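Protein chains in written order, with my numbering: chain A, 1 to 284; chain B, 285 to 465; chain C, 466 to 884.
Think of the hints as simulated: they come from the structure by calculation, not from any bench. Computed from a prediction, not measured in an experiment: that's the story for all the values here. A hint or two may mislead.
[Claimed, not checked] DSBU-like cross-link-like pairs, simulated, lysine-lysine; straight-line CA separation at most 30 Å:
id, chain 1, residue 1, chain 2, residue 2
1, C, Lys717, C, Lys552
2, A, Lys18, C, Lys760
3, A, Lys239, A, Lys256
4, A, Lys17, C, Lys760
[Claimed, not checked] DEER-style ranges, computed between Cβ atoms:
id, chain 1, residue 1, chain 2, residue 2, range
5, C, Arg757, A, Ala265, 51 to 61 Å
6, A, Asp48, C, Lys853, 53 to 63 Å
7, C, Ala830, B, Asp392, 45 to 55 Å
8, C, Ala751, A, Lys7, 32 to 42 Å
9, B, Arg330, C, Gln864, 30 to 40 Å
10, C, Ala692, B, Thr394, 43 to 53 Å
Ideal Cβ positions, reconstructed from N, Cα and C, are used throughout, including at glycine.
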Amino acid sequence: MANIPQKVVHQYLRHDKKFPHVWCAGCSNGIILGAIIRAIASMELDRDNLVMVSGIGCSSRMPVYIDLNTLHTLHGRAIAFATGIKMHKPKMKVIVVTGDGDCTAIGGNHLIHAARRNIDLNVILVNNNIYGMTGGQCSPTTPYGAFATTAPYGNIEPDFDICNLVLGAGASFVARTTAFHVVEMQNYIQAAIEHPGFSMIEVLSACPVIYGRLNKKGGAPQMMKEFRDNSLPVTAVDKLPPDQVEGKIIRGILRKEIRPEYCAAYADLVSRVQVTGGKNDAKI
Amino acid sequence: MTQRYEIRLSGSGGQGLILAGIILARAAVLDDHKVTQTQSYGPESRGGYSRADVIISDREIYFPEATNFNCLLALTQEACDKYLFDLRDTGTLIIDTTYVKNLALAADNTYELPFTEIAQNDLGSAITTNVLSLAFLVKVTDIVSDKSLEASIARSVKPAFIDLNLKAMRLGFKLAESYRN
Amino acid sequence: MLKTTASKSTKAKTPKTPTPAGPKPSAQRTKSKLNELQRDLERKTIIMQGNEAVAYGALDAGVNFFAGYPITPSTEVAEILSAELPKRGGTFIQMEDEIASICAIIGASLTGAKSLTATSGPGFSLMQEGIGFAKITETPCVVVDVQRMGPSTGMPTSPAQGDIMQAKWGSHGDSPAIVLYPDSVKESYELTIRAVNLAEKYRTCVILLLDEVLGHMRESVRLPDMATVRVINRIKPTVPPHWYKHYDENQKYLSPLASFGDGYRFHVSGLTHDVHGFPTSKSGEAAEMMERLRKKISYNIRDLVQIESYEMDDAKIAIFAAGITARAAKEAIVMARYEGIKVGLLRPLTIWPFPDDAVRKMLRAVDTVIVPELNQGQLIHEIRRLTKDKSDSDVLTIQRVNGQLITPNDILHKIKEVI
Numbered sequence: 001m002a003n004i005p006q007k008v009v010h011q012y013l014r015h016d017k018k019f020p021h022v023w024c025a026g027c028s029n030g031i032i033l034g035a036i037i038r039a040i041a042s043m044e045l046d047r048d049n050l051v052m053v054s055g056i057g058c059s060s061r062m063p064v065y066i067d068l069n070t071l072h073t074l075h076g077r078a079i080a081f082a083t084g085i086k087m088h089k090p091k092m093k094v095i096v097v098t099g100d101g102d103c104t105a106i107g108g109n110h111l112i113h114a115a116r117r118n119i120d121l122n123v124i125l126v127n128n129n130i131y132g133m134t135g136g137q138c139s140p141t142t143p144y145g146a147f148a149t150t151a152p153y154g155n156i157e158p159d160f161d162i163c164n165l166v167l168g169a170g171a172s173f174v175a176r177t178t179a180f181h182v183v184e185m186q187n188y189i190q191a192a193i194e195h196p197g198f199s200m201i202e203v204l205s206a207c208p209v210i211y212g213r214l215n216k217k218g219g220a221p222q223m224m225k226e227f228r229d230n231s232l233p234v235t236a237v238d239k240l241p242p243d244q245v246e247g248k249i250i251r252g253i254l255r256k257e258i259r260p261e262y263c264a265a266y267a268d269l270v271s272r273v274q275v276t277g278g279k280n281d282a283k284i
Numbered sequence: 285m286t287q288r289y290e291i292r293l294s295g296s297g298g299q300g301l302i303l304a305g306i307i308l309a310r311a312a313v314l315d316d317h318k319v320t321q322t323q324s325y326g327p328e329s330r331g332g333y334s335r336a337d338v339i340i341s342d343r344e345i346y347f348p349e350a351t352n353f354n355c356l357l358a359l360t361q362e363a364c365d366k367y368l369f370d371l372r373d374t375g376t377l378i379i380d381t382t383y384v385k386n387l388a389l390a391a392d393n394t395y396e397l398p399f400t401e402i403a404q405n406d407l408g409s410a411i412t413t414n415v416l417s418l419a420f421l422v423k424v425t426d427i428v429s430d431k432s433l434e435a436s437i438a439r440s441v442k443p444a445f446i447d448l449n450l451k452a453m454r455l456g457f458k459l460a461e462s463y464r465n
Numbered sequence: 466m467l468k469t470t471a472s473k474s475t476k477a478k479t480p481k482t483p484t485p486a487g488p489k490p491s492a493q494r495t496k497s498k499l500n501e502l503q504r505d506l507e508r509k510t511i512i513m514q515g516n517e518a519v520a521y522g523a524l525d526a527g528v529n530f531f532a533g534y535p536i537t538p539s540t541e542v543a544e545i546l547s548a549e550l551p552k553r554g555g556t557f558i559q560m561e562d563e564i565a566s567i568c569a570i571i572g573a574s575l576t577g578a579k580s581l582t583a584t585s586g587p588g589f590s591l592m593q594e595g596i597g598f599a600k601i602t603e604t605p606c607v608v609v610d611v612q613r614m615g616p617s618t619g620m621p622t623s624p625a626q627g628d629i630m631q632a633k634w635g636s637h638g639d640s641p642a643i644v645l646y647p648d649s650v651k652e653s654y655e656l657t658i659r660a661v662n663l664a665e666k667y668r669t670c671v672i673l674l675l676d677e678v679l680g681h682m683r684e685s686v687r688l689p690d691m692a693t694v695r696v697i698n699r700i701k702p703t704v705p706p707h708w709y710k711h712y713d714e715n716q717k718y719l720s721p722l723a724s725f726g727d728g729y730r731f732h733v734s735g736l737t738h739d740v741h742g743f744p745t746s747k748s749g750e751a752a753e754m755m756e757r758l759r760k761k762i763s764y765n766i767r768d769l770v771q772i773e774s775y776e777m778d779d780a781k782i783a784i785f786a787a788g789i790t791a792r793a794a795k796e797a798i799v800m801a802r803y804e805g806i807k808v809g810l811l812r813p814l815t816i817w818p819f820p821d822d823a824v825r826k827m828l829r830a831v832d833t834v835i836v837p838e839l840n841q842g843q844l845i846h847e848i849r850r851l852t853k854d855k856s857d858s859d860v861l862t863i864q865r866v867n868g869q870l871i872t873p874n875d876i877l878h879k880i881k882e883v884i
């Protein structure tokens, strides 16, 4: 990445149209957008054949700023829209940017079914543990005991392990990283885009203004430090005693396997049917 | 108006009445009639109520449901009780005496046969009751031609069951002929 | 039609129609088993179900993408398209729910597909948010709603006409609707094609309302020859990408539409947007967007509205009914006319936008209006709105919500009450 000059980001931004952006100071969304852009640029992907789809939420505002084919959809439904795009034009690369509330609460159903189908979408799930855009309500990933405006006495719900959820649903590529690990994030995004099948990268993101303040996490630098100090690469987990793994964020590619991709399976079905002429319906 | 001929096939789910309705409708098309076929059934695939209406006419058919039947086929007591009074005075009533034991009204044109029993005993399966009784109905009412009914059965049932159903049809025809005599 | 002229008769005059880019007419396609099947289907009188007619209408209109979720009484549409679309290289996908279905067809449409979904009551309710998204983003798509008795789960296999208002107002916010309402199997075929055409032309979600009875009913029908079927495709932009406005104001508010992958790299958002599609909170731009949505319908009423007038020439009593209820009305009119009663029928094929002018004009000629409908009063309010000069006793209703149809006798009875 060192050979890619920083200004590459600006080549991809719609800087003449919709800036300044909506994100708060210290928000990780810009870092994540930067990593996505650098991944796209270093892969030299054809922008005209790239679509970025998002739902509703802070991270879902990302498409408006990037000069690709962009679609900002309904709350929770980004993956469903993306499925339509990918199925009609399988050659297009489809990146879905979504948040923890967007994708695991209201859109949880679409997430698990896309994973099950193994349709070639690249889901970048920005997990800031809270509903930021609406002012700090608890989400399915708000940790047990944490505070939110709708959990003023502390959250009594267990939180989702998103990676485990998606692994359980059968995703063929699952990774986790944090907004602090920018290079790692970019590498994972590249690997996910190259992967033929459903991929999901959970990116832990800092929301200092809403989540940080409600939970006394300090400012953005403190939250970034926490990502650095409180996370472990998955490769290190086996080498460490369990007590040193407990409570840590496990980063890394958690699964990468090849299994039949949905659009390819559908294309096979089409060519099979077109040879045989399909079902001979009894039409009078 | 006089050309409009209304048939209701009634019984319970699983007796194949809707298929019988489709077969009759398709036969009517082969005879160059205009036709509509509607149905009403309960949520169950087996059991519950089920009925199929077929309207055959040579003019435009507006209302597609039978309200004043020229012919009623009732395969269950419940269906017979429910629909008997909508049969017009000159209408034809055909009942399956395997299940219909009481007739609330004595219609002039009534045909009583244990279709289910006959299908079970002579054809080896009660599943052919629908085609057996339909063929009987067709012969008695003369509403579509035998040839069209045969062609329609061949097109409407799964290939593996064509022979069995044609056998049922021929038996139905025979029963109707001997009933008349 | 084409078959007779284009087959063996050597009419040298018949000019070969210049074939523009796109799929060739069926007659010119190479011979295959599939084409034979298709030709059979198009030429002969057959019995066909309403839902089947919708499926084949969709195919003939060029629909190449279907996403749906099983629900009685619309499931046959999905079943048929799951068999037929792959044969034609189109896409069928059964989604995880109706919400996903409407979203997938919008996504596919933005990528250039002609897309359609079919559902019923509960599924139609779930789709409402997506329908609003298609409207605000001006993305062509078609939703077929085979109405069943409600509210809620209601009676899945029983007819009702309870979704007439929902089809117009179901999605939150304010937006005009195009809703078509057939009354026969053949018209289900024709209006499905028209729905797809209007969706492409007006860049919006068009809704086709069917009655449960019609969806499941079989009827002898002879579909028009494919060569006579008029198919409209969306207008593609011809300007260079930096000139392209996703919501450009063109003639009568119908503007070209680029697809993802065409090189235009536009932005689509459900947020109130400017002409490029970027979110805006400026009141001027917001008003402009809303006006655009309204005007593209209201400036094109003549193109959108279709009505049928049956025995209205000398009628003193008019029946206003849609769908299956109109068929009962026609039967009643035949019976009434037999007795010398002058009664006619007005039937909307386009239910939204409401045929105000046509209805107003024709109703001026009659003394009494009867509005039979399978709900607790929806169309009646539209008629009352247009018949302010008539007293309440001149605008009568027949309403039924018990899962049964309004019969010709019910209507005849009402007619006789009037005279």
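How the hints compare with the structure:
no. : hint                             : in the structure
1   : C:Lys717 to C:Lys552             : 38 Å, violated
2   : A:Lys18 to C:Lys760              : 28 Å, holds
3   : A:Lys239 to A:Lys256             : 21 Å, holds
4   : A:Lys17 to C:Lys760              : 27 Å, holds
5   : C:Arg757 to A:Ala265: 51 to 61 Å : 41 Å, violated
6   : A:Asp48 to C:Lys853: 53 to 63 Å  : 56 Å, holds
7   : C:Ala830 to B:Asp392: 45 to 55 Å : 47 Å, holds
8   : C:Ala751 to A:Lys7: 32 to 42 Å   : 35 Å, holds
9   : B:Arg330 to C:Gln864: 30 to 40 Å : 35 Å, holds
10  : C:Ala692 to B:Thr394: 43 to 53 Å : 52 Å, holds
Checked against the numbered hints listed earlier, the structure breaks hints 1, 5; every other hint is satisfied.
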